[in-house]
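A.B. asks: If you want the building blocks of each chain, they are given just below.
There are 2 protein chains.
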Amino acid sequence: MRKLLDGHNLEDRDWLFGLMLQSPLFNPRERGGKVFVLPDYNQSMEQQREMTLKRIQYLSERGVFTGWLTSRGIESELRMLAFIDVLAIFDHSLSIKLGVHFLLWGSAIKFFGTKSHHDKWLRDTENYVIKGCFAMSELGHGSNVRGIETVTTYDSKREEFVISTPCESAQKYWIGGAANHATHTVVFSQLNINGSNQGVHAFIAQIRDAGNLCPNIRIADCGHKIGLNGVDNGRIWFDNVRIPRENLLNSVADVTPDGKYLSAIKDPDQRFAAFLAPLTSGRVTIASGAVYQSKIGLAIAIRYSLTRRAFSVTPNGPEVLLLDYPSHQRRLLPLLAKTQVSQQLLLYAMSFAANYLKMIYVKRTPESNKTIHVVSSAFKAVLTWHNMRTLQECREACGGQGLKTENRVGHLKAEYDVQSTFEGDNNVLMQQVSKALLAQYIAAQKRNKPFQGFGLEHMNRPCPVIPSQLTSSALRNSEFQTNAFCLRERDLLNRFAAEVSQHQSKGESKENAFLLSYQLADDLGRAFSDRSIFQTFIEAEATVSDLPLKNVLGLLRSMYALICMEEDVAFLRYGYLSTNNAAAVRKEVTKLCSELRPHALGLVSSLGIPDAFLSPIAFNWVDANSWSSVKN
Amino acid sequence: MRKLLDGHNLEDRDWLFGLMLQSPLFNPRERGGKVFVLPDYNQSMEQQREMTLKRIQYLSERGVFTGWLTSRGIESELRMLAFIDVLAIFDHSLSIKLGVHFLLWGSAIKFFGTKSHHDKWLRDTENYVIKGCFAMSELGHGSNVRGIETVTTYDSKREEFVISTPCESAQKYWIGGAANHATHTVVFSQLNINGSNQGVHAFIAQIRDAGNLCPNIRIADCGHKIGLNGVDNGRIWFDNVRIPRENLLNSVADVTPDGKYLSAIKDPDQRFAAFLAPLTSGRVTIASGAVYQSKIGLAIAIRYSLTRRAFSVTPNGPEVLLLDYPSHQRRLLPLLAKTQVSQQLLLYAMSFAANYLKMIYVKRTPESNKTIHVVSSAFKAVLTWHNMRTLQECREACGGQGLKTENRVGHLKAEYDVQSTFEGDNNVLMQQVSKALLAQYIAAQKRNKPFQGFGLEHMNRPCPVIPSQLTSSALRNSEFQTNAFCLRERDLLNRFAAEVSQHQSKGESKENAFLLSYQLADDLGRAFSDRSIFQTFIEAEATVSDLPLKNVLGLLRSMYALICMEEDVAFLRYGYLSTNNAAAVRKEVTKLCSELRPHALGLVSSLGIPDAFLSPIAFNWVDANSWSSVKN
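Same order as they appear, the protein sequences are chains E and A. Going by UniProt numbering, the residue at position 250 of the first sequence is 250; the numbering climbs one at a time, nothing skipped. Going by UniProt numbering, the residue at position 134 of the second sequence is 134; the numbering climbs one at a time, nothing skipped.
Looking at chain E on its own, in the form it has when it is part of the complex (with noise of 0.2 Å):
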């Protein structure tokens, strides 16, 4: 099982772990018998980074970062993305720090520099003498990255262009890494030729030499954060900061020595995509992360729940007690069994889903970036909102325990927050999703073709029949759960189109339209993820031959079906459901609720999470709480 959920470089994975538990730097602390690895969040900000920073150090001259720039292939990208879930499953910051420095830094130079950028700078970047970051956003645009403010000019008397600051409002904003260890960065801005703007571009500069700042650049720290203290963003004011004119990254545009621009791509919104490129590897790495935060969070809260039942039982104290306690703790289970078992499960969907997603990344080809382009944000979107989701139930079912920071449950919630906006705001995306759905639906209408990518050929096929009597075994038949999902998507797709439509053919533009029909959208949104990671699940389930797994698997799979159904009102909204078949699902829901508890722990066991990753109560919470444990 844990295959399947890793999906790739398992050895590659435990060889890092261990890695990690053999040096100091990772803070081991011993409690109850056990060693435990996690920083010492009651250090101050300053003292954080500075940590991360010998985290980064030690690993690098232990040779993990090795190829991750200087190779090509799926293979060492797949061991790359193996490597991040792993450190992540360590620190945040460790990842997010990393991620900065290889994945938008490195990506950028490797992605928009030619081969003279990678000659130059991809060793040095590899081997950590240089370290990047990523001057994108500002101040005054985060998300609206074509809208940010710093300008670019050439001088073709000297050949140098000159990055300037205009304004308060375009300082570069949450730049990590560049408010203490930077030494270069790759500024995002507006290039301006001959009183011409080109549109946003990508250009090195250099911020720090030996440890100080260069001239004409100002940085100042972005301060405290509720998470990722380990990370030092910082924000960078250009003031005409001069460059080397091969400092351009010109796989897209050029300008030539007497000040020409030059660009194969004419058109500006296309050369503007181009340009974000490095952002998909970015959510690829976010949605996969997610998945690891939430088996942190379950296999803690699980393994807590079942061994503090066990506890109860144990006679400690004076009878009525031991008579009293369990009664408390059945009063409590049901709960506790629903949330926690029902959020393991579909813990496993997400996990066929960024594993998915993985792999057509890694096997991108310029024809499949618009379906990476869209899966990767409707993934990033809902498996992040699942985590934090994850997470706040597994704190809650901790009880108190949940709130100590060793405990991780809670704390990851405040270091995974950020997920939800960052590279992208996912209620934005979730509605850039519905807006490629619905582009599809008007070509295929357009030009009366099938429908062909994003899953939809299912639109091709009569319309599904939901039976108006569920049974509990109809309930489990895959068929009966794709033809809900697809019937779903189907049915607000046409309603989403035909609501826009109506907008347009009031007056409205089509982009006011779009906005007036967000419920819709979101609505869409919704169906179009639910029914791709489901399609997912039933792919991962194929590989399996070993019948009890694959009988799990199937318990798994329906759990996740008809949770989707339950939880999302749109099936009752409109119709998908009669309100006899909904309550039919959640009868359902219960049952294989309790089917599966009996699987808890050895699902648990799958989910590839080292003990030492874990925490105190996981274990033997009464050990680790004991007074010998303090004076350790």
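It is worth saying that the hints were derived from the structure and are not from the lab. On a predicted model such as this, the values are computed, not experimentally measured, just so you know. Do not take every clue at face value.
From the structure, some residues in chain E lie toward chain A, with a derived Cβ separation under 10 Å [claimed, not checked]: (1) Cys398; (2) Asp425; (3) Gly575; (4) Ser628.
Don't be surprised by glycine CBs; every beta carbon is placed ideally from N, CA and C.
Fit chain A to the given chain E structure using the hints.
C.D. replies: Chain A in isolation, oriented as in the chain E frame:
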């Protein structure tokens, strides 16, 4: 409007806000020409604890706590509750450390103790000479107080009680104040007299003397937490600690010098219930505090969204941006407006609910205890859940700025996460609410008497009928709204009673039958809470005669009612609303949003949070982030 929301002691509140603004202890900082106060959360927990203590001492010297324990009457209780609201607006640790000292330790002396205890302890407590804590929960037993394992025996020779921690799971856990500052504690313990257990009783024990631990007391730290790091939560072990016989808090039961156990309350269940009474005041302040935190979050998020929008039309950058940026904002705003405005509107209902709860609490009588217990349980759960949701949406609406600690919204989430599980786990509280309603139902049925109490009188009237076609004006009619809430509560109570009795007829115990019906219990708890909160809204509305204000309140009330109907799937699941009517509700919510949007800033200004207690992004965030501001 502010008077309506704050409800009481407006001048006292302003005086206390002013007192905090006068002292450097409250960490004032200038940002963009405005001063803001907020603790420095980048300090280690040790530093934060010392700062909290210093702030308390400052407030104590200024007379803030005068009369909190030594005065009696509604006036002085309301003043205290107002002050707790205000202190929590500055910092949760400050209000919690004070709450433990005054409302837990102080109330225990007051309510469980008798005259000699009052004379001996209350004045020194009020003056903060004695620093008290409240040792109730243990490692092994949190919400299940009855199961605690600490044991106290009586030594009649020396006329002393002997308190002991018999096993590691009996260590007192999460005791606020115990780790560093408390000098005394109330200890909850099983009382064992001559081998017979008399259940849980409360004792006074000294734990520190002139800064040193007392003999036979061991204390350890609970460590770093995800919030509330300014509170020194600790763990206590008692090694046969001897206390004088007089230290039993004897209002409910006593032990004679020669060791006889005497109690006015014979039934151990009732005796135990008497000991939980101080937790009611905890729930009242938690519920009220939750509303104020939502106010902070919304005041910041709404002001930010308004200023951010305003900023986008200032021409700072190249022209393309000027054209481009507003369209991007238009794309975002409907989403923001929907969540923020609707959350804000719910907030008004929550304010009225909290004020109602405070009033029934300060006017409490022995007869109203049961109602206060049920209402405080329901409102504590609903208001704290709502607070977490509001803060999460505010954080996301502020984007990255919501993650900066100085901007408060994101940070408050971690600070207040504890709300949903302390002083009663929310899920457990809601189940207790449904259980209490069921008991009323059974009592009314058995005696064939009308319903009385908990607002269930509507059950005596004929079942309301919802029109099959709801027009806009019908939807905004308070009678229809009341009917919809009553219909749902009535039907769910009937269904719940039927399901429990069906399980019992199949041989399940009453307890088990209740457990198996937990889904209906959840639905019913929510129905009761929404209907009760709605009633407080109607009552608050009735006190207003100013017409424009009354009109706005009418819109707010309709918004609250319709959002409840839109969000609780029970309305569709059980057919209280047809799909057509549900669609009408959804449409009307959108309409109400746009009608209320012009009032947004005005409404925010009436929330009663002084500017200095908000954050830089609520005002001119460009100035607050400018380079000149860095130099300050």
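A.B. asks: Each hint: holds or not?
C.D. replies: Hints, verified against the model:
For Cys398 (chain E), the shortest C-beta to C-beta distance to chain A is roughly 9 Å, which falls under 10 Å, so the interface hint holds. Nearest Cβ of chain A to the Cβ of Asp425 (chain E): about 7 Å, under the 10 Å cut. The hint holds. Hint status for Gly575 (chain E): holds, given a least beta-carbon distance of 6 Å to chain A, under 10 Å. At its closest, the beta carbon of Ser628 (chain E) sits 9 Å from a beta carbon of chain A; the interface hint therefore holds under the 10 Å criterion.
The structure agrees with every numbered hint stated previously.
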